[in-house]
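With chain A held as given, fit chain B onto it using these hints.
If you want the building blocks of each chain, they are given just below.
2 protein chains.
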Amino acid sequence: MTTTPSLDRLLAPRSVAVIGASDDPARIGGRPIASMLRLGYAGRILPVNPNRATVQGLTAYPSVDALPEVPDVAIVAVPAPQVLATVTALAQRGVPGAILFSAGFAEVGGEGVAMQAELVAAARQGGMRLLGPNSLGLVNLQTGFVGSFSSFATMAGVRPGRVGIVSQSGAYGSHLVATAMEAGVYPSNIVMTGNEADLTLGDIVRLMVADPNTDVIALYSEGINDGNGLVEALQAARAARKPVVMMKVGRSEVGGAAARSHTASIAGDDAVVDAVLEELGVVRARTTEEMLDIVRLATRGVFPQNNTLGVITVSGGAGVIVSDAAEDLGLPMPEMPAAAQQRMLEMLPICAPRNPVDTTAQFINDPSLITPFTEAMLLEGGYTSVLGFFSYAGSTPEVAPLLRGQLSKVRERFPDRLYVLVLRGPRDVLDSYEAAGFTVFEDPNRAVTAIAAMGRFGKAFAGRTLAPAPEVGAVALPAQTPTEAQAKRLLADAGIPSAPERACAEVEAAVAAAREIGFPVVMKILSPDILHKSEIGGVLLNVRDEQAVRAGFATLLDRARTAAPTARIEGVLVARQLSGGVECIMGIQRDPTFGPVAMFGLGGVFVEILKDVVFHRCPFGEDVAEEMIRSIKGAPLLLGARGRPVADVAALAKTLSRLSSFAVAAGPRLQSIDLNPVIAMPEGQGAYAVDAVIDLE
Amino acid sequence: MTTTPSLDRLLAPRSVAVIGASDDPARIGGRPIASMLRLGYAGRILPVNPNRATVQGLTAYPSVDALPEVPDVAIVAVPAPQVLATVTALAQRGVPGAILFSAGFAEVGGEGVAMQAELVAAARQGGMRLLGPNSLGLVNLQTGFVGSFSSFATMAGVRPGRVGIVSQSGAYGSHLVATAMEAGVYPSNIVMTGNEADLTLGDIVRLMVADPNTDVIALYSEGINDGNGLVEALQAARAARKPVVMMKVGRSEVGGAAARSHTASIAGDDAVVDAVLEELGVVRARTTEEMLDIVRLATRGVFPQNNTLGVITVSGGAGVIVSDAAEDLGLPMPEMPAAAQQRMLEMLPICAPRNPVDTTAQFINDPSLITPFTEAMLLEGGYTSVLGFFSYAGSTPEVAPLLRGQLSKVRERFPDRLYVLVLRGPRDVLDSYEAAGFTVFEDPNRAVTAIAAMGRFGKAFAGRTLAPAPEVGAVALPAQTPTEAQAKRLLADAGIPSAPERACAEVEAAVAAAREIGFPVVMKILSPDILHKSEIGGVLLNVRDEQAVRAGFATLLDRARTAAPTARIEGVLVARQLSGGVECIMGIQRDPTFGPVAMFGLGGVFVEILKDVVFHRCPFGEDVAEEMIRSIKGAPLLLGARGRPVADVAALAKTLSRLSSFAVAAGPRLQSIDLNPVIAMPEGQGAYAVDAVIDLE
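Residue numbers (the UniProt record's numbering), protein chains in the order written: chain A, 1 to 697; chain B, 1 to 697.
Bound-form chain A, shown alone:
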């Protein structure tokens, strides 16, 4: 969904009508007004209440029609039965956007679903956009606009910051906001999307991308209603260098993908969400704490493209903890250059100068060492991120300001680096470090997780020129589910090769085909009604001579008739038996959220038992395809591990990227494709689909 002009003012309206406005600041219809008055909202507030001349001291209007102007936003705080009439009136007046608090719509099922559809229809008639229903609304702390009955706009400790917080859920969203502010993460805007009858996460992300007061975006979601809209919004955020951290819960959910497809059942939809977020440079947080840690550090605006971590510590143990965590996260910790190590040892003979640089507690006796040590790390070690573990130095009144001064000198000289400290001490001391540009964590593992995330943003923001997805031309899908031979022809037209093969209706044709292709051959039953042939014994391997072809032909027909008496049998497929290759599997599934998604894995036990597969949204070029292939755990099997021949990864990548283009070109009727197996021959000898199943709607 693209941003329409009418949406621009939703976060920052110049005027706002409150329908169902209450004089009682504790009531739902009174809270937004009370909050805006308290926060000093500078726009015009227009209460609508048929029974009062004023509301909380403001002139009230008896109806929507009686409003003296068309407000940028309307807050609808009326009971569910009155919502439709109100929305209709607002849309007719040309109000661009409305916020619907009322519950009792799609979330209760049944009639509520229909009522919600009516709301949307009524709004669309006037080109009005809706937030909600069943939404806690939105708060813009930077302007004081409160389109919410939640109390967090006025809770203790609230202050405007630079983080846009978006949540579907009002209940968890409120918990998140309270937790965020306690953790020192201050919002620019808070938006709860509720039922998302109209505006979805993606629309709100786009508003945050456009909002000059928002630098970092935190997303909490229990389900994604508009996958493409979210993808486009996240691409816009990346282009604007606004980091997005997303907590998508419900990992244990089983996806609604087609049960007929084999590849679809291999991994849940959650793996697809992982792949899409990774592709878009979004960091997915598993816990609320992790999200807030990463968001907090991201507000520093330092996103190293090739992140490396230098650690200076007063505890060897902390250095080990950090090294373990960095290794787990793939964050490099290169050694200090030898000459610099030598100089450090001259300054402090008991130090360990490699990286982590362990100064021992000696620095407490001589904090002046911190500047030369840290400078050497930045200048000579060249680290983009520095983690200082100074334990409870923050609690020592003689040490804390000295340390901060020493570190500040370094930061002034190298302002483009990321500075993170693990430090304990009173809140005001830690705040003084934060104010000086050092983000303070209590736990070293959490600090490393956040630092690693900054590198992931840096890599995403650096951008890279990707190879274009291959052109495969138009795909003319048949009216019905294609046979294997038809499927292979369709794929061959798109440049996706299969092993040489012939469809043979008669036994003698099969013998001739086998002679032409060369023994040994593979024989398979040919029927549009039998999708997974091996399950009925419909595939014969290693058929070695003409006699065996004749026997095999009879066997296959017999098995097919026994297993599927009503199936249309078109004969037998005779194909080259590929040997010396590595069995792979490729597939497409139409993800209900993100559309066609490609899958790659090694065949057999790797896919079936170990779920060692990788996903990517379609389409993509050969470079992405090759990265996918190299990313699976079993990749060494393709890359020559332990004396194996190196497989033709380039051919695999070409096939996989063409498959991704094919999936898009085939359009929405395509439900899934299984190429199982694809044989990757040794380098230079290609990769061939041996079986192909295309499943249509």
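You may find that some hints are simply not true.
Stretch-level coverage of chain A by chain B, calculated; a stretch enters the list once three of its residues show a Cβ under 8 angstroms from a Cβ in chain B [unchecked claim]: (1) 173-180; (2) 484-497; (3) 634-642.
Just so you know, the hints here were simulated from the structure itself, not pulled from any lab data.
Just so it is clear, CB atoms sit at the ideal spot from N, CA and C, and this is done for glycine as well.
For chain B alone, coordinates are given in the frame of chain A:
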């Protein structure tokens, strides 16, 4: 190392001498005395200082010899050069234990190592035990005994609790203690073991097990110096139902295991640490926060044997987060019984009653619902653990005490369950919940992790009767590294079967053997000097007839002479080619810390590329062996996945457990055993080692 009587008083001495006592309470020799005076230590403090008649108001003695009594413990706070003389004097006086602060010993290498050895020798002469050197010492907050120069005995907020904290590192240990107290985890004792010249982690754990003031033990370690001592101490902790949480850092370290052994190189020592801690019912924490979360909940003393989690929440999203986390951790969340769900719906039609039970924010309007809902969960759902997500209900002055009262009624009725809340609010409100028996977390994921850990303790404490390790009789290892045939004979004597085979010095003997065993056969070069035959092409598979045996014999001899010209060649081994089985791998490695450790995995790519292996300390019975086999990711391959034959897992387990007994019986000369592959035949047909390498010191 077993606890000697002299050690009993180390944590709680009746009298303590301070050697190098200082009148200045800020100096290292003055701090312990000042701290003890401040904490009201009731024992006798005996300062030793040759230059003063009194120290901090206490009578001082000029020397160890001049002490009026033999103290239970001596604190040695003298410079490194004087430590040896002091230790010697203390040992001669018969002091049972000494705490050595001084640094400059083994940790600096070189001369320090020798000096440390002298200290130990001097102490042993008098039967004295040493804590340290290079130790921050120990603090018993329950008795006020401070054998430490650290400041944390007297820091703000310190108070005695029920958690024994043990750390090797003084620097990280101090950070840990400060972090613990801020997190509401209060120590009974704090012990920093330093260089562990004598007393090791295990010795200290034993003291904590015996200490009536310690309920829970938190261990931080960078390396384990006495594996067997630690194992015995952890067994004692389990027997005493004292949960142990251990943070063992340095996961990225490469172990010092023998490089010659193939199995040893498969996984680092860290996987062995994991396996040993799992075996002993110790929960390994990956981060400091995780350790403290688990320890804090463990002080409740509720360890459900078959843990199940019931969740009551005011936010559907929080319920999803908790469900995801529980699934990841294998913590079951069974559904509420249908009848109970029906009753809940009658009480609150908008609730979601399955589990998580989502009451929505409605409970804020009517907190009296909490009691019947929670009672239904405990009574009818039967959950052993309850997690209540009440978000910031703690911040609402009208709700917080009501909610606590409602929950307390339930807790009184079911005092044996585990109660955990996720709740935000002012510190004093949260403290009131803690005082009422509810452990409060801010983050739902952290809460679930801690709850799952209680179940792991419960399972460990419940105990189980394990099958005894098999008796394999005495193992007579040869003087030199055995040949494959010798190795197999040794193993066969212990009941570990190999495939039928013959060692053949001459080509015609090989032909005769192949005829007798039956074609096809496997042929392997036979040499005590060639350990990994396949690497030189010394193994021929699928040898199908007599002619091929003759050719193979020549090929193998030729390859062996080319690859290893000086190797002694004893001929060729002819063995049955086992087909239709699953390739497995079994091995033994002598772990430098824990002695012989058995490994099991599937063969080929599973071990080589996926590291899909499992470890266990030797020896163990068939039940443990079978659990190991079933625990690997690839286990479905043995258990009949996707139409495969079910493998003879019982035979595999028998072989694996016998191998574990063999490893122990073989004694310390045994460095490693590789059985690669072991072929698991279909059920009832046994499992056979096809190759065997035994490596001796």
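Confirm or reject the coverage of the segment 484-497 of chain A by chain B under the rule of 3 or more residues with a beta carbon closer than 8 angstroms to the chain's beta carbons. violated (count 0)
Under 8 angstroms between beta-carbons, do enough residues of the segment 173-180 of chain A, three at least, approach chain B for the coverage claim to hold? This one holds; 5 residues, not fewer than the three required, reach chain B with a Cβ under 8 angstroms.
Per-stretch coverage check for the segment 634-642 of chain A, three Cβ contacts closer than 8 angstroms to chain B: Since three or more residues must qualify, the claim that chain B covers the segment 634-642 of chain A holds, with 5 doing so at under 8 angstroms.
Going down the numbered hints, you'll see the structure goes against just number 2.
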